[in-house]
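K.L.:
Model the placement of chain B on the given structure of chain A, informed by the hints.
The lines below spell out each chain.
There are 2 protein chains.
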Amino acid sequence: EIAERVAGCFQGGRLTGRHVLITAGPTQENIDPVRYITNHSSGKMGFALAEAAAEAGARVTLVSGPVHLPTPDRVDRIDVVSARDMLAACEAAMPCDLLIAAAAVADYRPEVVAPQKLKKDPSSGDGLLLQLVRNPDILATLAQRPDRPFSVGFAAETENLLEYATRKLKAKNLDLIVANDVANPGIGFNSEENAVTVIDRAQQEIRFAQTSKGKIARQLIAFIADHMDQA
Amino acid sequence: EIAERVAGCFQGGRLTGRHVLITAGPTQENIDPVRYITNHSSGKMGFALAEAAAEAGARVTLVSGPVHLPTPDRVDRIDVVSARDMLAACEAAMPCDLLIAAAAVADYRPEVVAPQKLKKDPSSGDGLLLQLVRNPDILATLAQRPDRPFSVGFAAETENLLEYATRKLKAKNLDLIVANDVANPGIGFNSEENAVTVIDRAQQEIRFAQTSKGKIARQLIAFIADHMDQA
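Sequence lines, in order, name chains A and B. All you need for my numbering is the position in the first sequence, starting with 1, plus 11. All you need for my numbering is the position in the second sequence, starting with 1, plus 11.
What the hints contain is simulated information worked out from the structure, not anything from laboratory work. Heads up, a few of these hints could be off.
All copies of an identical chain are treated as equivalent in the list; a pair is satisfied when it fits inside any one copy or across any two copies.
Stated by the list, open to error - Straight-line C-alpha distance at most 16 Å; calculated EDC-like pairs for lysine to aspartate or glutamate:
#1 Lys179 - Glu216
#2 Lys226 - Glu66
#3 Lys226 - Asp158
#4 Lys226 - Glu203
#5 Lys183 - Asp148
#6 Lys130 - Asp43
#7 Lys181 - Asp148
#8 Lys130 - Asp158
#9 Lys179 - Asp192
#10 Lys183 - Asp211
#11 Lys183 - Glu122
#12 Lys130 - Asp148
#13 Lys181 - Glu216
#14 Lys131 - Glu174
#15 Lys130 - Glu174
#16 Lys130 - Asp192
#17 Lys226 - Glu174
#18 Lys131 - Asp186
#19 Lys226 - Glu102
#20 Lys130 - Asp84
#21 Lys131 - Glu170
#22 Lys131 - Asp148
#23 Lys130 - Glu170
#24 Lys179 - Asp211
All of these numbers come straight from a predicted model, not from anything done at the bench.
Chain A on its own, in the form it takes in the complex (with noise of 0.2 Å):
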């Protein structure tokens, strides 16, 4: 089944009068004042979808990490930094119909933040040992509350692509995976195309072929929309 046969049926106010929760962009997680650990992601596929959203009629909750782009027209955007700080954010913006978690969401931090920039031993070439700790869920955190929306994940994998969506569908509890193959140098990351393949609850696999990021996403809100006046 092609993406090509959606993209037609994508039409303005298909989701108007819905509330859209969308994450996108990577998470920092300080190390101390000037060191952190982060994750690939320029979040232009998220501002993509948060744009189609809009255009589809949804009043459109965008929460972001650190990423340098323009927030789309009629979007309500909040600039977050760490993984607790999106999930925070993204709880204060509940209730929303749809929930799209798009952000490459980092899944540890440093166990201890130094409160002062860390010296390295001048006299010594020694090495640092990193205590790191588990982040919140988001996305299952939000999947699980009793006001669940309709969730949507994305699976940024390098291998085992759609065994890892599929396998995190269901751990989850999501009604949809994107999955996305950042091995792929052509698509994935700061690329300006995408190419998906997106799984349902019956794991069924639907193809979205390369396009721009902008066009994966109006497909992607067309394809959503139906899916969710299904469910």
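P.N.:
Showing chain B alone in chain A's frame:
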């Protein structure tokens, strides 16, 4: 001694015929294909210095980590990702008459870079122990070469600024060090303005009052050119 005194001394052509090598921006040290460690750095100060050095007539090589900035006119820009890449690019660009190391180089990198995205165990909330090793010291390496350039370092600190900067000046055998108080939110990482103190080999401290990074850069280039003439 206040920076205004040197600002007036700036004239075009002060660095004509000189090759100036400037590093800028952060470096990124991969944990796996998705996650990495980096430093807060917009690259703005290093890019402003490259622009000012080109205005002063120098041939400028700018070795930059990942930033979102346009290349200044008449500047030869080389983009790199990791600290080891940055060192290799600098070594390839040698010899130079003046080295200004404004990059926020990651002191540490993960000992092992996972070839595929590390999977977290969904059945546990376990953390991750990350072994980091020391990166090569770009500035010290270049300042120890037989064809050693006039060497200017940057010290970005959150406490004990002048003490740490002086220690770094001596330890790395620098001609000048620019001390940057990054704990002050009005200046530092991502802001448009800066205020710095330059320390020379005689441990004289010369303060440059807060102004735009472009103005500070022109003041610093004039000041450095003066010191090179005296050296």
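K.L.:
All the hints need checking, so say for each whether the structure fits it.
P.N.:
Each hint, compared with the structure:
no. : hint            : result
1   : Lys179 - Glu216 : within (14 Å within a copy, 57 Å between copies)
2   : Lys226 - Glu66  : within (12 Å within a copy, 43 Å between copies)
3   : Lys226 - Asp158 : neither (31 Å within a copy, 54 Å between copies)
4   : Lys226 - Glu203 : within (11 Å within a copy, 35 Å between copies)
5   : Lys183 - Asp148 : within (9 Å within a copy, 44 Å between copies)
6   : Lys130 - Asp43  : within (10 Å within a copy, 25 Å between copies)
7   : Lys181 - Asp148 : within (14 Å within a copy, 47 Å between copies)
8   : Lys130 - Asp158 : neither (47 Å within a copy, 29 Å between copies)
9   : Lys179 - Asp192 : within (15 Å within a copy, 44 Å between copies)
10  : Lys183 - Asp211 : within (13 Å within a copy, 58 Å between copies)
11  : Lys183 - Glu122 : neither (25 Å within a copy, 32 Å between copies)
12  : Lys130 - Asp148 : between (32 Å within a copy, 14 Å between copies)
13  : Lys181 - Glu216 : within (14 Å within a copy, 62 Å between copies)
14  : Lys131 - Glu174 : between (42 Å within a copy, 15 Å between copies)
15  : Lys130 - Glu174 : between (43 Å within a copy, 13 Å between copies)
16  : Lys130 - Asp192 : between (38 Å within a copy, 15 Å between copies)
17  : Lys226 - Glu174 : neither (26 Å within a copy, 55 Å between copies)
18  : Lys131 - Asp186 : neither (47 Å within a copy, 22 Å between copies)
19  : Lys226 - Glu102 : neither (29 Å within a copy, 43 Å between copies)
20  : Lys130 - Asp84  : neither (44 Å within a copy, 36 Å between copies)
21  : Lys131 - Glu170 : between (36 Å within a copy, 14 Å between copies)
22  : Lys131 - Asp148 : between (33 Å within a copy, 12 Å between copies)
23  : Lys130 - Glu170 : between (37 Å within a copy, 11 Å between copies)
24  : Lys179 - Asp211 : within (11 Å within a copy, 57 Å between copies)
The structure shown violates the earlier hints numbered 3, 8, 11, 17, 18, 19 and 20.
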